[in-house]
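Undergrad: Protein chains in written order, with the numbering used here: chain A, 1 to 683; chain B, 1001 to 1183; chain C, 2001 to 2101.
Everything hinted at is true.
Pairs of lysine to aspartate or glutamate residues, derived as EDC-like cross-links and limited to a Cα-Cα distance of at most 16 Å, are as follows: (1) A:K469 with A:D332; (2) A:K398 with A:E473; (3) A:K190 with A:D647; (4) A:K398 with A:E476; (5) B:K1098 with C:D2094; (6) A:K655 with C:D2097; (7) A:K398 with A:E467; (8) A:K190 with A:D266; (9) B:K1099 with C:D2094.
Short, incomplete list of chain C residues facing chain B, as computed with Cβ under 8 Å: (10) R2024; (11) N2026; (12) A2047; (13) A2072; (14) A2091.
Honestly, the hints are just simulated from the structure, not real lab data.
No experiment lies behind these values; they were computed from the predicted model shown.
Beta carbons are placed, not taken as given, at the ideal position from N, Cα and C, and that holds for glycine.
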Amino acid sequence: MRGFLYDLAILAVDEGKAIEAGDGGFWADTAGIMLITPFIAFLAILAVGKKLKHNGGEIAVAALAINLLWASVLFVMNMTGGVLTETTFEIARIGSDLVFELGWAVDGLSIMMYFLVNFVGLLVFIYAIGYMKGDVRVHWFFAAFSLFAGAMLILVGAPNLVQLIIGWEGVGLASYFLIGFYWDDLDNVKAGNKAFMTNKVADVGLILGAIILGVSIGTFDFGELSKLAAEHDEALGAVALVGGLLLFFGAMGKSAQFPLHIWLPDAMAGPTPVSALMHAATMVTAGIYLMARTFPLFQNFDDLAGDGRMWMVAIGTITLFAIGLLALVADDIKKVLAYSTVSQLGYMMTAVAAGGYTAGLFHLFTHAFFKALLFLGAGSVIHAVHSNNMSDMGGLRKYMPTTYWTFVVGSLALAGIIPLAGFWSKDEILATLGHEGFTLVMWIAIAGAFVTAFYMTRAVALTFHGEYKGHGEPHESPPIMTGPLVALAIPSMLFGFLNVPGLSLPGIGNFTEWLGVRVVAMGDYHPESVDWGLAAIGLAAALLGIALGWRLWGPDKDTQAARDRFNVPVLYPLLRRKYYIDDAALGIVGATTGPIARFIDWTNTYIFDGIVNAVGGMTKWLGGITYNFLDQLGVDGVFNGLSAAADSAGSSVRKLQTGRVQQYASGFVAGALILVVLFVFVI
Amino acid sequence: MTFETWISEPVNWAFSAIALAVLFSGLRVVTAKNVVHAALYLVATLAGTAGLFLILSAEFVAWVLVLVYIGAVIVLFLFGIMITRAPTGLDEGLDVEKKLWPALLSVAVFVAMAWASVNAFGTQEILDTGNPTSTEILGEALLGRFVIPFEIVGFILLAALVGGITVARKDLTPAEEEEEAAV
Amino acid sequence: MVVSQFLVLAAALFAMGVYGLLIRRNIVLILLSVELMLNAVNINLVAFESMIVTTEALGQVFAIFVITVAAAEVGVGLAIVLMIFRNRQSANVDELDLMRY
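So here's chain A without its partners, still in its complex pose (with noise of 0.2 Å):
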C-alpha cells in the first residue's frame, strides 16, 4: 500500500529550474528491507551467535552489506535524477483523521542518512570483530549493535514523528546495552545509567513537541508538517514556539548540546567500536536529522513563532567553544575525542539553527567518516597498549604505521586542513553563518576550529610522537582493524569535494542538490563560490593551532616535560624580556649587525615563544576554568542534586515495599474501588 505517492513531485525551484523526482522504482518501494535486517539479525545471532566462528559478528556484517547495497543504489540514484517517494502503513487511527503509520521514507535526506549508517556501521562492524576477539559475551555485543543500528534506520527512515520516536528510544536502549556492555564494572553500569537518564529528560521534550505539533496540525507526517510550515499555516503557528523549542530540547539530549552533554564523555565507558559508531553515524547524529528533518519549521521559525532561533543559536554555540576547550585537558584518549565530538556537534547544531540545512549536514556527513576513524584508530592504539591514557603511550608512529597515518588524517580533516573534507564543510558553515548574520558566532566558530587544531595536535603529539611510556611491546593491529581505517581515511580526503561551493560534477551534481530532494523547497543559503577571504583565515586557525600544539607538545621527548613547560606563567616570558632589554642597551655600542641579528633572534625566541606559551597558557586556563566550575561544579552539580532527591525519595518510598502480597492486593482493592466509584458515580 502506497502512503503519499510523490512521483514526480515538482519539488523546488532552484533558479528558476524545477528538479523533477522519481519514485526510486522498486529499489525505493523496497528499501525497507534496511529497516528490518539488522533485527533478524539480532535474533539471529542470540539464537545462533554463540556457535558460529566470530560469534554472531558475520551475521552483523551480512545484514549491513546487504543493506549498503540497497543504500549505495538509492544513492547514487539520487544523485542521477534524485528520488522521492514514501512507503506507509496505516497501523491505528485516533478518531478519524489523526493516523499513525509506520513506513520508510525514501528523500535526499534519508538516502544521505541510509547510506552514512550503513557505510560507517558496515566498517565498524568488521573491525569490531577483530577488537572483539576473546572479549567476553562477544555475541551479545554483536546483536546489541546490531540492534543500535536497526534502530537508527528506523529513526532516519521515519515518516513521521512516531515512528521517528520509536527508533529515538530503541537507539536509546540499544546504547544502553553498550555503554553498559562492561557491567562487571559498576562505573560503567553507572555510565550507561547516566546517558540513559539523561536522554530520557530531553526524550519527555521530543515526546511532548511531538504530540503538541501532532495534534494540533492533525498529522505526524513529516511531509504535511513542512508543507504547513512553508506556508505559514496558522494552526501551525500558534503551536510552532512551544513545539519546535521542545523538540530542539528533546534534539539537545540525543546530540549531547549543553548542558545535556554530560553523558556522553562517560559513554566512553562501552567498547571503543560502540563509541566508533555513537559518535559518527548513528546515536549523536539523530538530533541534528530531528532539525534537518523538520527543518521548514526551523527555517520559517522568525515568521511562525517569533524570536527563538537565537536561544538555539547560543545553545549550539556555547556547546562548539566551552565544550570544545575541554578536551585540551583530558588524558583519556577518547574522551579527547568525545570532547571533540561535542564541539562539533555544536558546529551542525548551530547551522541548522541559524538556517544553514545543507551547511549542517554536510559537516554531519564528512564528520562520521573522520570520527569513525579517529575513534578506530584510538581502539587501535587501546588494543596494542592496554591503555586508554594518552600519558601512557607516545612514540607508536614506529610501531603502528599505518594507525599513524590514518589517525593524522582523521586529525588533519577535523581540524579543517585544506583539502581534505573537514575544511569543506566547516568553511560552508562559516559562510553560511557570515551570511545569515550570525557575525559575532562566526568568529566564535572560527576560535572553535583554532581549539580544534590545537588539542588534536596535542593527541596526535602525545599518542604518536616522543617517546613510549607503557608497557610492553605495542604491535600494528590485524589487517581486520587496519583495513575499515584505511577505507575510511579515503572518504575523509576525498568527500570535501563533493560540496565545493560552485562545483557541479558532472552528471551528477553535488551535495547540496542531493539533499535537496525533499517535499518542500528547504530554501537555505548556499554559497556561490568559495569566499577564500574566509576560508583562509579559518584555515589561518586551525594552521595556528597546529602551530602552537606542536611547539608546545611535539618537539619534546619527554611529555612529562612538555607539560611543565605548558604551565608556565604568562609572566614568566614578560620577566626574561625585561632582562633581555638591558642586555640589548649594551649590545647597541656593538658592531651594526649585532643589534639586528640579536633583533631577530629576540624576536624569534622571546616574543614568538612568549605569544605562544601565553596563548597556551590562557587557552589552558580557561579549558580548566570550564572543566572545573561549568561542567563538573555547575552542570553536574545540578544533575548529581537532582539525583540525591530522586534517591531520597526512593529511600523513603521503598518502605511500602513490604513484601506482604495481600497488602499490596489491598491497595488493588480499594484503587480498583476508586475506580469504580469515580466512573459510575461521579462521571
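For chain A, the structure is supplied; the task is to place chains B and C on it using the hints.
TA: For chains B and C alone, kept in the frame of chain A given last:
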C-alpha cells in the same frame, strides 16, 4: 415493581432458595476453620451457581460448571490441600489476625457494585425466551465465530498443563539422576 | 425475574471472594477465594446474556472461556504452591516476603 409482584413469580421462589444457599456456602468458603470444609463449601456454591444457570436457561454452561469445576478443579484443590499437608482439622492460624480493614473493603466493594448495578438496570426484566436450544446456538458460536479464540484457549490449557508439570516436577540431584539411569 | 437480582448476588459473591483473598493465609484457600470471584463474573455474564438475548450466545461463550482459563489458572497455581511448599515447608503467604525492600 413491588416485592409482592416479584415474589408471586414461582421462578423467583427457586431463585431465592438457591441464592440463600449460595450466599451461605460462599460465606463459609471464606470463613470456615477447616480447609477441607472450605473446599467442600465451594462445591456447594458452584452447585448453586449451576442451578442459577439452569434458571437462566444456560444448561450447557451449567453442566460444564458441574463437570469441570466440581468434577475436576475441586478434586485438584483437595489434592493440593493434602499434598501441602495443611491441617485438615480445626486450625486457628488459618487467617490473618487483622480482619477489620479487609472486611470494610469487601463491604465497600459489594456496596459499590450492587449500587452501580441497581442504578444502571433497576427493574429491567429478563425476557423469557423459552428457547430450549441455547446449547445448539452456543455450539455454533463456539465453533463458528469464536473458533480461533476457542483454539487459543485450548492451547492455553495445554501450555498450562506443561507449565504446571514443569514447575511442580521435582528436580533430581545428579546422584538421583544416575540412580534413575541405572534403573 | 429482573436482571438486578443476579447482579446483586454476583456482587455479594465477588465481595466474599475479595474478603477471602485478603484474610486467608494459606495459598490454597486464597486460590479458592479467587475461584469464588471468577464464579461471580460468570453469573454476571450469563445474566446479561439472557437479558439481551444475542443470536450467538455471547455471554455463555465468554463464561465457557472464563471457566477454561480458570481451570488452567488452578493447574499452574497449584503447581506453584507445590513448589513453594517444597522449598519453604509452608504454604502461608505472609511468610513469603523475600521480595521486600
